[in-house]
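Undergrad: What follows is the residue order along each chain.
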Amino acid sequence: MSVAQQGARLEARAWGWRHAGRSAWALPELDLAIEPGERVLLAGASGAGKSTLLRGFASVLGGQDEGEQRGELLVDGMQPELVRGRVGLVLQDPDTQIVCDRVGDEVAFGCENLGVAPEEIWPRVEAALSDVGLAVPLSQHTGQLSGGQKQRLALASLLAMQPSAFLLDEPTANLDPSGARSVRDAVERVLDRTGATLLVVEHRVELWADLVDRVIVLDSAGRLVGDGSPKAVFAADFQVLLDAGVWVPGHTPSTSARRPGPAQTLLAARELAVGRRSTPPVLDDVSFDIQAGKITAIVGNNGVGKTTLSLTLAGLLAQKSGTLRAALELARGAGDSPIRWKSKELLTRVGMVFQEPEHQFLTSTVRAEVELGLRALGIRGAELTDRVTQLLGVLGLADLASCNPFTLSGGQKRRLSVATVLVTAPQVIVLDEPTFGQDRNGWIVLAELVAQAARDGSAVVAVSHDEQFVASVADVIVVADAGGTKVREVRS
Amino acid sequence: MSSARAARVSSPPLNTVNPVTKLCALVVLSLPLLLTIDIVSASVAVVLIVLASPLAGFGPVRLARRAWPLLIIAPIAGISMLLYAKPGGQIFWSFGLINISESSVTLAVAVTLRAFALALPAIVLFAGIDPTETAYGLIQVAHLPDRFVLGTFAGARLVSLFLEDWRSMELSRRARGLGDGSRLRRLPAMAFVLLVFAMRRGSALATAMEARGFGAPGKRSHARTSRLGWIDLALLVGCVLIMAIAISVAVVAGTFRVVGS
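Chains V and S, in that order, give the protein sequences.
Per our numbering, the very first residue in the first sequence carries number 1; after that it's consecutive.
Per our numbering, the very first residue in the second sequence carries number 1; after that it's consecutive.
Hint data in this document are derived by calculation from the structure and do not stem from the laboratory.
Where a beta carbon is used, it is the ideal one built from N, C-alpha and C, also for glycine.
Hints may contain errors.
[What the hints assert, rightly or not] Listing some non-contacts, in silico: residues in chain S with all C-beta distances to chain V over 10 Å:
no., residue
1, Ala74
2, Ser80
3, Phe256
[As the list claims (entries may be wrong)] What the simulated footprint calls covered on chain V by chain S, stretch by stretch (three residues with Cβ under 8 Å from a Cβ of chain S suffice, anywhere in the stretch; the number is not a length):
no., stretch
4, 80 to 94
5, 118 to 129
6, 153 to 164
7, 312 to 323
8, 401 to 407
[As the list claims (entries may be wrong)] To give an idea of the chain S side of the interface with chain V (calculated C-beta under 7 Å), a few residues:
no., residue
9, Pro32
10, Ala156
11, Trp166
12, Ser168
13, Leu171
14, Ser172
15, Asp180
16, Gly202
17, Leu205
18, Ala208
19, Met209
20, Glu210
21, Arg212
22, Gly213
23, Lys219
24, Ser221
All chains should be modelled from the sequences, with the hints used to inform the complete structure.
TA: This is the structure in structure tokens:
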């Protein structure tokens, strides 16, 4: 694209935002100036108001019924709603931001909204797709793209609008490592080409550290606690950053030591082929043992069928072929095939944490959600109260005990959904992306909970893209791949 | 690009028809059948539609493969007529309110054929219709408002996500010990949660669209042009002819009958 663009200047003047119905300000008062062409990483605790700031600059915070604003935000010295299109926003979940059915129309959509002349739109579309390295036909269905491709499509869709600033809200949170890398590289190419300003929110700073020239850190109350070059910020007072939940390069957390006990197989998968009903299998010939006291990680690219495999192992989806056999110690008289177990029988034997936490919430308060499993085990009275209170404290959800689970932040929902399953101590625990969306502090809590479950004798199976999590807790790694799944023992 | 063009050359003529024309064609083909009720007009219409289907890329085999459920659904519509229609002519069998008579048999056959005559064109016309082209057609040809059309089509995309949500909710109930017993009893609670999902996904999509400048003041442009051509006229003329023939034959045969007469 031969357009000489200039970066936008972003400025916050004593700006604050409070969500409707909350008493605390998500962001109390922020003063900040980002110069044209600067590349800034915005880091900080979950719920520090980072997304709110991005949405404010993109002018999509909604009206007064969404919340209350004070101070002002300026884009090139103007109110954001007056210069719509000068800043572009990419959201975390690629599935919720695709509007059209086909790749070409999706990229063209933003241009149409800006009223770009039709003969100019298609050259822009082609250029944007090539800039982000998305070499698919314009007529390709958007639903068929992988997670990394969808995020690059979202980026191309903005690029075609020729914004002067890119605001990216955890653009790689959903992605496997290679997909995340492809998105980061696409962003770099785009910035080199356009000279646009960048403001990216990300917990995992490592991926972005060498791309940005400035890091801004907010603490959990939304106050500015760090601002400067990556080197300076990470070197200065890393304890402040660690407290704020930022992943500081070189300060990888570790879980406390754990020694797997004697091998005892609870579930044995043999030549398993898995897939949804009425579709051909996505993975086949998968064979491995799930053992008590061990953590098995299932890794592999987006879309390879890891979630389908995990649902099959959890007795929720029938396998296409092969066998999944429960040992006598697990079956306890219920038969050796988990898919045939009744729901009640499954409850005490295999627990499943779903990819989308909201799918598994059944009650209307955080406290009731944790109580549910304990009650099913027959725990009542003071013991129930004590255990729930203690667990909510560990999860950092004590203040939110009476809130509706649906109103929690993404990271909080994830912690709650993992805890509700772990608390009932099923013999086999299957987790789909347990550390998704966590800042460093949330991550430590979750990794520790999972390690503790294994220490207590449960067999844990975790699907994960999180390399740090896998490296720090897995005893066995299953690499899911359509061309042949491999099993690797990493600790015994 | 060249492969796409090659595919277009070998594709049936109907694919180049504007989606809006297809909607109109469906109205032309169904309205007369909804207003009349006799055997001959419906049978002639069914025969002509089957004969014209190859122009839309539906040979007999493909048509049969798509339309076979009609063999079950259409007679169901006919049976109620058979049993409960106003008796007339010779009465063959009666039991309580049920009267199978000469006229109810005729009516049952007419209604069954009508179900075919109404459903077949819908199958043939809307197979492989492109949602985006339809949206462009509705905006540029039918002149419906952008916001309405694009909002509707974007919302329709979410339906597949809702199906996914529903399936996950079923599985999660099984995982949490609540999956035994009747599905019907779980339905209200699950439907409520699905509604919550629908609202959340809907508002997320609205934000994403707004973030891309949708709804901003100023005129939108259109990346693709949707226009009408000779082929659109040909389709409409063809459909009018089919109906004219069907009704004329019925009139000549003396079986023509309007609903309510």
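Undergrad: Hints first: check each against the structure and report whether it holds.
TA: How the hints compare with the structure:
1. No beta-carbon of chain V comes within 10 Å of the beta-carbon of Ala74/S; the shortest separation is about 25 Å.
2. With a least CB separation of 32 Å from chain V, Ser80/S remains clear of the 10 Å interface cut-off, as annotated.
3. In this structure Phe256/S is separated from chain V by more than 10 Å, as the shortest Cβ-Cβ distance comes to about 44 Å.
4. Under a criterion of three residues with beta carbons nearer than 8 Å to beta carbons of chain S, the stated coverage of the stretch 80 to 94 of chain V is upheld, 6 such residues being counted.
5. With a cut-off of 8 Å between beta carbons, the stretch 118 to 129 of chain V has 4 residues touching chain S; three or more are needed, and the interface restraint holds.
6. Coverage of the stretch 153 to 164 of chain V by chain S holds. Counting CB-CB distances below 8 Å, 3 residues qualify, and the rule asks for three or more.
7. Closer than 8 Å: that is the beta-carbon criterion, and the stretch 312 to 323 of chain V has 3 residues meeting it against chain S, so the requirement of 3 holds.
8. Evaluation of the coverage hint for the stretch 401 to 407 of chain V: breached, as 1 residues show C-beta separations to chain S shorter than 8 Å, against a requirement of three.
9. This hint is violated: Pro32/S has a C-beta 34 Å from the nearest C-beta of chain V, more than the 7 Å allowed.
10. At a threshold of 7 Å, the smallest CB-CB gap from Ala156/S to chain V is about 9 Å, leaving the interface hint violated.
11. For Trp166/S, the shortest C-beta to C-beta distance to chain V is roughly 10 Å, which exceeds 7 Å, and the interface hint is violated.
12. For Ser168/S, the interface hint holds, since its Cβ comes within 7 Å of a Cβ in chain V; the closest pair sits about 4 Å apart.
13. The beta carbon of Leu171/S is positioned within 7 Å of a beta carbon in chain V (closest approach about 5 Å), and the interface hint is therefore held.
14. Annotation: interface hint on Ser172/S holds; nearest CB of chain V at approximately 4 Å, less than 7 Å.
15. Annotation: interface hint on Asp180/S holds; nearest CB of chain V at approximately 4 Å, less than 7 Å.
16. At its closest, the beta carbon of Gly202/S sits 10 Å from a beta carbon of chain V; the interface hint therefore is violated under the 7 Å criterion.
17. For Leu205/S, the suggested interface contact is upheld, since its CB lies about 6 Å from the closest CB of chain V, less than 7 Å.
18. The criterion of a C-beta within 7 Å of any C-beta in chain V is met by Ala208/S, whose closest approach is roughly 4 Å, and the hint holds.
19. Interface hint status for Met209/S: upheld, as the beta-carbon distance to the closest one in chain V is roughly 6 Å, under 7 Å.
20. At its closest, the beta carbon of Glu210/S sits 5 Å from a beta carbon of chain V; the interface hint therefore holds under the 7 Å criterion.
21. Checking Arg212/S against chain V: minimum C-beta separation of about 4 Å stays under 7 Å; hint holds.
22. For Gly213/S, the interface hint holds, since its Cβ comes within 7 Å of a Cβ in chain V; the closest pair sits about 4 Å apart.
23. Hint on Lys219/S holds. Least Cβ distance to chain V is approximately 5 Å, under the 7 Å limit.
24. At its closest, the beta carbon of Ser221/S sits 5 Å from a beta carbon of chain V; the interface hint therefore holds under the 7 Å criterion.
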